[in-house]
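Participant: So the chains spell out like this:
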Amino acid sequence: MSNVAAHSHVAHQFDDAAQQRRAVTLGMWVFLVTELMMFGGLFTAYVLYRSSFPDAFAAASHHLDATLGAANTLVLLGSSLTMALAVRSSQLGSRGGTVAGLLATIVLGCAFLGVKAYEYAHKFEEGLVPGPHFHFPGAEANHAELFFSLYFAMTGLHALHMVVGAGVLAVLTVMAARGRFSADYHNPVEIGGLYWHFVDIVWIYLFPLLYLLGRH
Amino acid sequence: MPKFSLFPESASTIAGQVDALFFFMIAVSAFFGLLIAGLIVFLSIRYRRRAGSNEAGDPVHVPIALEAAWTVIPLAITMVMFYWGASVYMTMARPPDDAHEIFVVGKQWMWKLQHLEGRREINELHVPVGQPIKLTMTSEDVIHSFYVPAFRIKSDVVPGRYSTAWFEATQVGTYHLFCAEYCGTEHSQMIGSVIVMDPSDFQTWLSGTDADAGMAASSPKDTGQQLFTQKGCATCHRGVSGSMGPALAGVFGRERTFADGSKAVADEAYLRQSILSPQAHVVAGYQPVMPTFQGQIDEEGMLALIQYIKSLPAETSPGPEKQG
Amino acid sequence: MEPTDKRKHYLNADYGIRSWLLTLDHKRIALLYLISITLMFLLGSLFAVLIRLELLTPAGDFVQADTYNKLFTMHGIVMIFFFLVPSIPAVFGNFLLPLMIGARDLAFPRLNLMSWYVYMVGAAFTMWAVLTGGVDTGWTFYTPYSTTASHSNVMATAIGIFITGFSSILTGLNFIVTIHTMRAPGLTWFRLPLFVWAHYATSLIMILGTPVIAITIFLVGVERAFHLGIFDPALGGDPILFQHLFWFYSHPAVYIMILPSMGVVSEIITCFARRRIFGYGFIAASSLAIAIFGFLVWGHHMFTSTQSVYAALIFSVLSFAVAIPSAVKVFNWTATLYGGSISFQAPMLFALGFIGLFTIGGLTGLFLAALGLDVHVHDTYFVVAHFHYIMVGGALMGYLGAVHFWWPKITGRMYSEWAARVSAVLVFVGFNLTFFPQFVLGYLGMPRRYHAYPDEFQVLNVMSTTGASILGVGYMVPLCYLIWSLWRGAVAAPNPWRATGLEWQTPSPPPTENFARTPVVTEEAYAYPLKEAELV
Amino acid sequence: MSTHDGQASTTGHGPDAAHATPLAILLVVFLALVAMTGLTVWVAYVDLGVWNTPVAIAIATIKALLVIVIFMEMRFAEPLTWLAATTGLLFLLLLIGLTMADVTSRGWLGIPGH
Ligand code: HEA
Ligand code: HEA
Ligand code: CUA
Ligand SMILES: [Cu+2]
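As you go down the protein sequences, you meet chains A, B, C and D in turn. By the count of the working numbering, the first sequence reaches residue 216 at its end, each step adding exactly one. By the count of the working numbering, the second sequence reaches residue 324 at its end, each step adding exactly one. By the count of the working numbering, the third sequence reaches residue 536 at its end, each step adding exactly one. By the count of the working numbering, the fourth sequence reaches residue 114 at its end, each step adding exactly one.
By construction, these hints were calculated from the structure, which means they are not laboratory data. Yeah, the Cβ is synthetic: ideal placement off N, Cα and C, and Gly gets one too.
Derived CB-CB ranges, DEER-like:
#1 R517/C to P63/B: 38 to 44 Å
#2 V462/C to W82/D: 54 to 60 Å
#3 L56/C to W205/B: 36 to 42 Å
#4 V62/B to P185/C: 26 to 32 Å
#5 L46/C to S207/B: 54 to 60 Å
#6 L83/D to N123/B: 53 to 59 Å
Negatives, chain A to chain D, calculated, CB over 10 Å:
#7 R95
#8 C110
#9 L113
#10 P132
#11 H133
#12 F152
Reference listing, derived: stretches of chain A covered by chain C, where coverage requires no fewer than 3 residues with Cβ under 8 Å from a Cβ of chain C:
#13 26 to 32
#14 37 to 46
#15 139 to 147
I would like the entire structure built from these sequences, with the hints used as guidance.
Facilitator: What follows is the structure, given as structure tokens:
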């Protein structure tokens with residue numbers, strides 16, 4: 001454990017790489033907890049309104065494209081796989097593998113965002129965007145509008161996290177390509193991975209809760 | 001010369017109960033406050049540092065019994081406080097059955113009050129002494145709060161929902177009515193008075209006319225009936241078998257069963273929702289054809305309609321009831 | 001501040017504005033915070049002065065109603081989000097945590113600096129909101145007033161608070177990780193100073209609660225900007241939902257404000273009583289209990305909001321329960337005095353003042369937690385008095401105690417003891433005169449956030465305004481002698497109070513790397529009385 | 001300067017090539033996630049009455065756990081990390097739970113607004 005002190009990647013406030021690694025990992029998990037609580041506010045609103053207006057929510061949910069949603073879920077799961085592969089490569093000290101994994105993750109992430117953008121555009125055309133121009137062809141238009149408010153808030157916040165995540169991964173890719181990581185030191189890749197997987201998990205819940213209501 | 005006092009008037013049946021709790025809390029607080037302050041002063045003097053000495057006393061020994069005592073005793077005392085506070089609160093929450101209903105609508109920045117007998121008032125509320133009064137309240141815009149310090153009652157008035165408060169005045173007089181929830185520029189001007197009168201004076205007042213309208217008042221029930229025909233409710237709710245909508249007589253207070261099998265008791269909030277979002281709960285056996293009246297009926301009109309529906313006598317209900 | 005000796009320390013290690021604005025040293029970042037926070041306090045106080053002037057007379061004649069509404073809103077927002085929440089953690093926590101646990105810095109120095117910048121950006125947005133017209137929603141932002149009715153600058157303020165929230169989150173995260181991973185050898189959990197325990201508990205609230213207020217206030221902004229109607233009653237939205245989300249953070253946040261002060265008081269009491277603190281374990285555990293159970297009681301702000309009575313019952317009983325750990329602390333502090341050798345330097349005066357005023361504030365909190373009674377006093381000056389007793393009489397007293405206790409460590413200078421005692425007494429007297437009458441006003445029924453009020457409330461309001469001017473003087477005096485001490489104060493010894501704790505075992509001001517050698521801890525905290533040999 | 005009060009053994013031996021998850025496991029987990037996504041969609045079109053949502057949540061939770069334990073390497077994490085994660089979840093449930101406690105019990109007394 002003592003020889004690691006020679007490595008420059010141990011910041012001055014830490015004694016050794018193990019301490020640094022422990023701190024960084026804990027820090028990321030604590031950060032993820034704060035992220036969870038942030039989404040939590042929206043989930044609370046969702047639970048409340050969904051339980052108050054179940055029929056309107058089901059009706060509104062029918063206006064989302066479940067096929068696109070499912071496809072996007074697969075894209076995002078795929079990106080989690082490539083992310084895990086990138087982490088694995090970094091642990092094994094494979095520079096090429098790390099870069100490839102990160103790049104694949106970014107590409108898949110962008111694909112997800114692209115599909116999301118397409119869906120949003122479609123909602124604009126259909127007049128399903130909350131506000132003065134909202135138009136819902138069915139009963140309980142106001143409660144449906146509430147659904148779409150939540151839809152945009154939740155998926156919007158999620159998309160924002162994807163954008164930030166993609167930015168982080170881009171930085172990591174550059175660092176990896178420049179050979180900044182090794183089998184000894186790859187904390188940043190792992191940390192970036194934790195964040196990316198978290199965003200994936202949020203979507204794992206959003207998908208059934210938003211797209212698949214009352215499909216039967 | 002403004003009158004100056006340190007204690008508010010007590011002019012309702014509940015006021016005494018709140019004050020009693022208040023005095024109890026003061027007594028407990030005074031005890032603990034003085035205990036702590038006294039101990040600090042005493043110990044500070046007794047154990048002040050004397051010149052030349054820097055030595056402390058015995059090493060600290062922490063008796064667990066002591067720690068337990070000052071955890072458990074305060075806990076027990078607070079549970080008394082909780083129980084007492086809760087029981088007063090429950091009394092406040094449940095209006096007596098013989099309470100007389102008055103409608104309250106808050107809006108920026110005035111109180112609109114409507115008596116069932118017909119008189120309407122703004123920022124003034126006349127009530128008889130010794131008669132429980134139940135207020136059914138809502139707001140047209142933002143949250144307000146109906147507060148009469150002399151009665152020790154307060155309840156928020158929330159847009160889109162009904163709230164209830166009740167009181168029984170015990171003393172003839174004029175009392176402050178405040179808006180206690182911040183509601184914008186003129187929040188501090190959203191004030192008025194509650195005028196408690198002798199029952200006989202009150203009757204005289206009640207049969208008077210609204211100064212502002214200058215005409216005989218129409219009761220909410222009548223207004224509601226007018227709206228009922230005017231808005232075309234009667235075309236579907238004719239109260240005979242084969243109507244498109246269910247008969248509304250006797251619906252109030254009864255348990256309703258819906259198309260999806262769920263149930264709810266028909267209270268004011270339910271009636272309101274039935275009119276504004278009819279499809280949220282579709283009564284079993286009917287089609288979801290009722291249009292929404294969102295934006296077509298103001299809050300006062302809504303209270304009037306509900307009052308009208310409530311007033312329809314249950315036993316004369318001619319239509320077949322799908323459920324009981 | 002010209003150096004008087006040639007010794008290198010964190011203040012003279014480097015010169016120039018860049019060395020401050022780009023510093024990664026937790027001690028310098030603490031000073032950046034100290035300056036920003038002091039400015040924010042002055043700003044908030046200025047609003048308070050204008051509020052009190054308006055309330056001198058019953059008629060709303062000093063400022064217009066709209067202006068008044070903006071005044072108390074900005075007063076509340078500045079004091080809570082920009083002063084009291086960051087105050088002790090960001091200044092003293094930042095400065096002292098690494099010293100107290102024998103570390104070279106916090107775990108994430110860059111994050112630490114970033115959190116200061118984030119704070120400043122949030123503050124800038126809020127100041128911009130003030131300059132472009134202000135906000136008038138009250139610090140509570142209740143919907144639908146804030147989303148639909150208010151014509152003031154809600155957006156900019158919401159963004160400001162949203163951003164500042166992240167500064168709080170980052171600070172909390174940094175502290176938690178630091179306390180878990182950076183302790184010196186031998187420094188086990190139950191040897192930690194109580195100040196550290198208090199900050200650990202505070203950090204828990206910061207990371208669990210702050211994200212919720214961030215998203216909530218964000219939704220308010222989004223609702224105004226894009227009509228995303230999550231709280232809109234016209235869509236069937238529930239205004240009470242906003243209150244739940246708001247208080248889920250904002251009740252625990254009151255413990256963000258008080259716990260660090262409690263930590264400070266624990267340090268000061270034991271030091272000036274020359275006595276091992278009474279019931280160490282109980283004080284430490286009660287901090288955690290307050291932090292965790294503090295999340296279960298938020299509904300006590302909503303007893304008259306048309307929340308269900310059953311929920312109100314739950315929230316009420318839990319509110320009483322969460323008062324118990326505070327009571328435990330008060331009793332243990334008092335017991336610490338027993339058998340001590342007590343001296344009454346300025347920090348001790350502030351600490352004793354804290355105990356007295358916090359007790360009054362806390363006990364009146366019980367009045368508010370009692371359902372039937374809260375119905376009457378909710379949203380009256382009784383509540384205003386309650387929270388000023390705790391936040392100004394309690395938390396701010398603790399903050400001043402901390403300033404006086406660690407000033408020699410931070411600056412290497414001593415201030416005038418005599419002036420400090422005068423200020424402590426002025427604050428105590430002025431404070432009670434300002435806020436005690438407000439309890440009476442509240443029970444009489446004077447609603448809060450009133451720009452004008454009925455005549456019969458005037459006498460008490462005049463008393464309150466008089467008190468505020470004494471209080472104001474009490475606050476301005478330290479500003480003068482503390483600044484004065486930077487140039488003229490006597491040079492401070494490493495351990496002027498003869499206190500235990502690692503921070504006192506390094507020179508004043510400490511060197512950039514904090515300790516020449518990593519200290520090894522062999523004893524519990526507060527092993528008073530110190531043996532003469534241990535004094536540096 | 002470090003005190004390892006968790007399981008020092010799991011973090012103490014520095015570089016962790018040994019932890020690298022075998023390729024096969026990563027792929028199997030991915031396939032399981034894909035399969036469960038299919039299952040979620042399929043089951044949504046089956047009428048389970050009130051059980052549709054709980055089933056969807058249950059499947060999502062299994063998926064989430066797979067991601068957490070395998071992809072996020074939680075199985076190597078020290079207890080403290082587990083504690084952090086569960087604390088977050090607990091407080092989220094608290095937020096939702098106590099809010100819904102109000103909302104669901106609002107009508108019980110049969111008096112509007114109480
Ligand atoms: C630092 C800030 C702080 C702290 C620590 C507290 C602590 C407490 N608060 Fe306070 N509170 C506020 C800041 C704070 N509060 C603010 C800002 C508001 C208003 C917000 C707004 O609307 O703008 C508010 C409002 C508020 C309300 C809502 C009132 C209303 O709007 O109607 C309630 C109701 O229960 C309440 C209760 C309590 C209780 C029970 C405690 C307890 O934690 C107190 C515990 C302490 C003690 C009990 C004293 C010490 C004990 C003893 C000396 C021993 C004897 C003890 C016993 C017998 C139990 N507070
Ligand atoms: C940390 C928190 C904090 C602090 C320290 C204070 C400090 C003070 N507060 Fe504040 N207050 C709040 C938090 C705080 N307050 C909150 C949260 C609200 C609720 C807001 C809302 O309803 O939304 C509130 C509301 C509030 C009200 C109620 C307004 C209303 O409801 O209408 C009043 C009224 O008296 C008041 C008074 C004071 C006074 C006299 C002080 C005194 O302690 C101030 C003493 C200081 C001085 C007297 C200043 C001396 C300095 C100067 C004169 C310097 C001048 C400036 C420059 C040189 C730039 N406050
Ligand atoms: Cu209406 Cu305040
Ligand atoms: Cu609270």
